[in-house]
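Asker: Line by line, the protein sequences give chains A and B.
The opening position of the first sequence corresponds to residue 6 in my numbering, with each subsequent residue numbered one higher.
The opening position of the second sequence corresponds to residue 10 in my numbering, with each subsequent residue numbered one higher.
Wrong hints could be hidden among the right ones.
Rough simulated footprint, nothing fancy, chain B against chain A, three-plus residues with beta-carbon under 8 Å [as the list claims (entries may be wrong)]: (1) 63 to 76; (2) 89 to 101; (3) 138 to 151; (4) 176 to 184.
Label pairs and their computed distance ranges (CB to CB) [to be verified]: (5) A:Q11 / B:R21: 13 to 21 Å; (6) A:K125 / B:R28: 42 to 50 Å; (7) B:N55 / A:Q118: 15 to 23 Å; (8) B:S42 / A:P160: 24 to 32 Å; (9) A:E15 / B:M43: 55 to 63 Å; (10) B:S42 / A:E126: 38 to 46 Å; (11) A:R161 / B:S42: 35 to 43 Å; (12) A:R184 / B:M43: 25 to 33 Å; (13) A:N147 / B:M43: 38 to 46 Å; (14) B:R28 / A:T88: 37 to 45 Å.
Heads up, simulated DSSO-like pairs for lysine-lysine below, C-alpha to C-alpha not over 30 Å straight-line [stated by the list, open to error]: (15) B:K20 / A:K128; (16) A:K110 / B:K20; (17) B:K20 / A:K195; (18) B:K20 / A:K125; (19) A:K128 / A:K87; (20) A:K191 / A:K87; (21) A:K125 / A:K110; (22) A:K191 / B:K20.
Calculated directly from the structure, the hints in this document are not laboratory data.
Note that the Cβ used here is the ideal one computed from N, Cα and C, for glycine as well.
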Amino acid sequence: MSEMQQTNFERTRCVNIGFHAVNLSYSTFSYSNAKYSRFSIVDFNQVNFSFANLQNSDLLHTNMVAEQLRSAISFRNARINKTLNMSESNLIQNGDVNCHIPLFKYWTLQLGQINIEISKENKSNCYFALQSYDTGAIMFQNVDISNKWDCNSWPRSEIVLSANMSMNVSIELRQIDDRHQIHSRKYLSKLYMILYNSNYIFCSMSL
Amino acid sequence: MFYVFVESNGKRVSLELVRGITEIQVIIEFNASMNRNNDARNWCDNIDLFIDYGTNSELLQGTYRIESSK
Chain A
6 MSEMQQTNFE RTRCVNIGFH AVNLSYSTFS YSNAKYSRFS IVDFNQVNFS
56 FANLQNSDLL HTNMVAEQLR SAISFRNARI NKTLNMSESN LIQNGDVNCH
106 IPLFKYWTLQ LGQINIEISK ENKSNCYFAL QSYDTGAIMF QNVDISNKWD
156 CNSWPRSEIV LSANMSMNVS IELRQIDDRH QIHSRKYLSK LYMILYNSNY
206 IFCSMSL
Chain B
10 MFYVFVESNG KRVSLELVRG ITEIQVIIEF NASMNRNNDA RNWCDNIDLF
60 IDYGTNSELL QGTYRIESSK
């Protein structure tokens with residue numbers, strides 16, 4: 006086992022690095038970017054992971070404890086021991102459409118009517134479905150990221166939105182700044198579109 | 010003044026976070042349709058939003074192995 010106790014990785018780029026058979030006890034990865042890194046047979050005793058980025062990293066064969074994982078800024082898609090029983094929550098509340106949570110608990114309906122319906126393929130899955138076909142419908146959710154992202158620590162970062170949807174549905178991803186102004190927006194749809202004077206002009210289909 | 014991005018691959022979109030951004034809005038619009046039938050419902054699910062910290066393609070290019078002879 007290689008001995009690398011008390012090594013300082015603070016605020017370093019450790020992206021896509023392989024650590025194999027290493028004793029890293031009492032080291033610090035605070036604010037380091039360790040995404041896509043692979044840790045196998047690694048001793049994490051008393052290692053500091055506060056605000057580290059562990060997205061897509063492999064931590065399965067380590068002695069990482071829940072408290073260390075919780076202190077990271079993100080461990081999305083990381084490979085971890087199932088005994089930790091931890092997963093990173095979606096920034097959108099009820100985005101995976103729980104059949105037992107009312108729409109209005111997390112979403113605001115601005116126009117029309119939308120129901121939560123049970124999937125025919127899998128009775129435990131649900132989806133949002135338009136009811137008012139004559140008027141259409143609009144719903145939205147606001148997500149405060151002021152405690153999730155710090156420009157100085159993570160200057161090159163992106164907000165990412167994905168979804169499954171049918172034709173005739175579009176999702177707008179909108180950034181709001183600290184003056185409550187719209188800074189930028191982007192659309193997710195099965196149709197390519199151009200926004201021009203608030204009218205949608207559909208250009209081509211993406212099937 | 011705000012920026013509008015027009016491309017979409019139908020699966021995911023992303024925006025670069027810049028200084029001053031504090032909030033994200035996700036707005037879902039179901040367009041009106043005259044041809045409603047049970048085989049062509051207007052629906053969506055699995056809406057997922059996350060922050061990709063430290064995006065930089067050059068960071069993914071190198072693979073290193075840290076070992077010592079001890």
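Asker: In terms of beta carbon proximity below 8 Å, does the region 138 to 151 of chain A have 3 or more residues touching chain B?
Answerer: holds (count 14)
Asker: Indicate whether the distance between the beta carbons of A:R184 and B:M43 respects the range 25 to 33 Å.
Answerer: Once the Cβ atoms are compared, 41 Å apart, the range 25 to 33 Å for B:M43 and A:R184 is violated.
Asker: Against the 30 Å threshold, does the CA-CA distance of A:K191 and B:K20 hold or violate the hint?
Answerer: Distance ~13 Å between A:K191 and B:K20 Cα, so the pair holds.
Asker: CA of A:K128 to CA of A:K87, is that 30 Å or under?
Answerer: Distance ~26 Å between A:K128 and A:K87 Cα, so the pair holds.
Asker: Do A:N147 and B:M43 keep their Cβ atoms within the hinted range of 38 to 46 Å?
Answerer: 32 Å, violated
Asker: Starting from the hint 38 to 46 Å, judge whether the C-beta atoms of B:S42 and A:E126 obey it.
Answerer: Roughly 22 Å apart at Cβ, these two residues miss the hinted range, so it is violated.
Asker: Three residues minimum, CB to CB under 8 Å: does the region 176 to 184 of chain A make the cut for coverage by chain B? Let me know.
Answerer: Answer holds; 9 residues pass the 8 Å Cβ test.
Asker: Kindly confirm whether 24 to 32 Å is satisfied by the beta carbon distance between B:S42 and A:P160.
Answerer: 43 Å, violated
Asker: Assess, step by step, whether the Cα of B:K20 is no farther than 30 Å from the Cα of A:K195, and give holds or violated.
Answerer: Within the cut-off at roughly 8 Å; holds.
Asker: What's the verdict on A:K110 and B:K20, does the C-alpha distance respect the 30 Å limit or exceed it?
Answerer: 26 Å, holds
Asker: Cut-off 8 Å, C-beta pairs, minimum 3 residues; does the coverage of the region 89 to 101 of chain A by chain B stand?
Answerer: holds (count 6)
Asker: Can you let me know if the beta-carbon spacing of A:Q11 and B:R21 is within 13 to 21 Å?
Answerer: 40 Å, violated
Consistency note: the structure conflicts with the earlier hints numbered 1, 5, 8, 10, 12, 13 and 20.
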